[in-house]
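Per my numbering, the very first residue in the sequence shown carries number 21; after that it's consecutive.
Don't read these hints as lab results, they were simulated from the structure. Some clues are possibly wrong.
[Claimed, not checked] Computed cross-link-like contacts, SDA-like style, restricted to lysine to any residue with a CA-CA straight-line distance of at most 20 Å:
no. : residue 1 : residue 2
1   : Lys653    : Ala667
2   : Lys190    : Gly176
3   : Lys653    : Glu666
4   : Lys190    : Asp300
5   : Lys769    : Thr636
[To be verified] Okay, the calculated beta carbon distance ranges per label pair:
no. : residue 1 : residue 2 : range
6   : Glu121    : Pro160    : 56 to 62 Å
7   : Glu480    : Gly227    : 27 to 33 Å
8   : Pro554    : Ala347    : 51 to 57 Å
9   : Leu763    : Gly624    : 34 to 40 Å
10  : Gln253    : Gly762    : 33 to 39 Å
11  : Gly624    : Gly227    : 53 to 59 Å
Think of the CB as a built atom: it goes at the ideal place given N, C-alpha and C, for glycine as much as any other residue.
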Amino acid sequence: MTRNHFQPLRILRVLSALLALAPALDPSAASARACDTVPRTTLALYDARREGEVRNTRIYRFAELVLNYLGQVVVYHDISRDTPPQTDPGQVGLVLSWFDEPVAETAGFGDWLARDAAFCNGGPKIVAFDNLEFWTALRPGLSSRAMGGMGIATDGVIHAVGVSATVAAKDDSLLDHESDFLIRPGDYRGVAALPDARPLLRMDAQGTLIALAVIGPAGGYVHASAAIDPGTQGRTAWIIDPFGFFEAVLDDDGVPRPDPTTFQGLRTFFVTVSAVGWLDVMPAQAFGEAQRLASEVLAERLVERFADLPITVAILAGDLSPGLGGAAAERGRQAALRALAAPNVETAVQGFSDIRDWSFFAAYDPNREAAMLVAPEAADDQGALVSSAMQTLRDAFADTGASTFSRTPGAPRKYAAAPFDLGQEVGGAIDGVNALSGGERPVGLYAWSGNARPFEAALEAAERTGVASMGGGGGVMDAARPSVTGLWPLSAQVGGQRQINDALGGDAVYTDYWTGALYGFHGFRETLRRTEEPRRLRPFHLSFAARTMLHFETRRAVETFLQLARSSAVVPIRASAHVAAVRGFLSARIASEGPGLWRVRDRGALQTLRLDHARTRALDMAASQGVMGARRKGDSLYVALDPGAEAPLVALADGDHPSGIVLGSDAPALLDSRPVVESWNRGTCSVALELSGFAEGDVVLAAPPQAEYGVAITGVNGDRHRAVAADAAGVLTIRVPAAPGGLRGLSVKGGC
């Protein structure tokens, strides 16, 4: 590549040459195959030599959350191996790169991309952020197709851009999203938008127009200066609107998108309590007052006072062992029994030894751990270390009731009296906590501890137990950190495994791990608001540690948010139900069965599909199968699926009714429900439901205006139906009492 300061004619010549290759630039020329199943996979290319693992990549950190919202499952391919991706081309709708340096190895990927007949609908869309040399280095036919799909051409020249450069054109609808675009002096590749592309941002550098953001006929391109503002103190922000950009590239607004944030028309709500601080002592408030453990306060002041809300409580198995937890272990055990006895509590396990740094144990060396633990006491005679790692660990902790963190704050785990054992850390910990309740309250969730970045074998071990696992990720989007870049994706690819992330960050993040202002956790309310409007990006996930019970400020914040959940339009669920919904998001297959007809398969526990820009679309109940109803939020339509339907069919019709539903009969349909709908049976003029939940809540149905029905609720009026009527807008609201630990039947019969 050469450098130049002014070569506008060079770009024009390249443009002319590319236009002569129009068939090669036509995305439909790549393949004539049409697929019924919507390609929901984004293949993300990364270079492990520069970025390490997937969780360190720019695509994972910034783009995957946006793509998840748009219904895409992101699968990563390390191009440094120079082998073809193992992903089925027929499932790939988008290929995305975000390189900051040239990448030479392209043959393996090129072979995969050249499999024209294997792709659907003319091949995948191509998007490149930052460096383009990966794409220009492909064999000529593939390179021209990729560049044409992105809507760009390059002149092979590097242009020096100084302070005199100006913005020649900018699409304000997609630029200056969270941060304003500013020209950064430096070297820029000569890039021009092709005639059939939509240029979003162009810069004039001494008479040369350089395209910095483009949407092409089958892809797009964004220069680094138009993508992410690095900000200060790591507070990044999007310059281009990532939702608008990727939505325009994918061009699939008419396709329903799986959405794990919503059940039955409402945002989901769940609580996770980590075991951090379980044995911590709460200072006495008055002389002579008995000291209390954080876990004891948790059981009494939160679990029992908020018995109407499901709460997932994690136990660290090692804390309950007298040989590890020390004198407080038995009290911690009793607190665990008290908490787990509550019907609203889901049992979770946070491992055995409280791993803080999972990477340390990926290739575990007990000698290395032993040396780390005795180092503070071995300054005089490093040669005194015994050769046996087991003996060293035992000697270092003669008082096994002491945490390693009190002697070695940077220790990779809390309890190190014996060498690390992955089986004990996962399956063994689950078995131990199951034994605590005699099997009556089986573990429903494994919560990843510490930095929550488990290695592949750890994820495999968790999967073998059959228990859902979750942790890591989360994020913050408050007034101080208002960017969507502060949120993390739904999941993380770790080798051949998937780690399900926390939905939102908890108390530790807002209080700087309890070393900063403890009232900071009240800022969580702003994150809740920003992740609900203008888009529902995340469920209402309240996450906090047992340690939070020690401090008035954090304890009060938790109580405030639990009260907020009581009064908000949410569906309270267990944390494991959220994990199952995300798993369903990852596995779901959506197929077209005709105009406005969509069949959903392999959805697992995913309960909702979302259609965006759907103000003039509605759910056709008569033509649909296995659906309960729908609800509008802004210009989106959330379709609630019947939890018992294996392969629902979603039928859409034209219509702008506020309910978002075309009934087709006198039988009601679901608008929303706070109680969890366990079963749904809709007939010609009636509907029967089975509901669960820990508090009374409203079931809101859509019906013909002022239509009359008979309502019966088991345990209330049995089979004796009482008369009710929908209002003038066709809304029928039924208050259903709680049935903690059981089911409540609801029958609504019309007169037809």
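The hints, checked one at a time:
1. Lys653 x Ala667: violated, 25 Å
2. Lys190 x Gly176: violated, 24 Å
3. Lys653 x Glu666: violated, 26 Å
4. Lys190 x Asp300: Cα-Cα ~56 Å, so violated.
5. Lys769 x Thr636: violated, 30 Å
6. Glu121 x Pro160: 56 to 62 Å: violated, 23 Å
7. Glu480 x Gly227: 27 to 33 Å: violated, 58 Å
8. Pro554 x Ala347: 51 to 57 Å: At 53 Å between Cβs, range holds.
9. Leu763 x Gly624: 34 to 40 Å: This hint is violated: roughly 21 Å between Cβ atoms.
10. Gln253 x Gly762: 33 to 39 Å: violated, 51 Å
11. Gly624 x Gly227: 53 to 59 Å: holds, 57 Å
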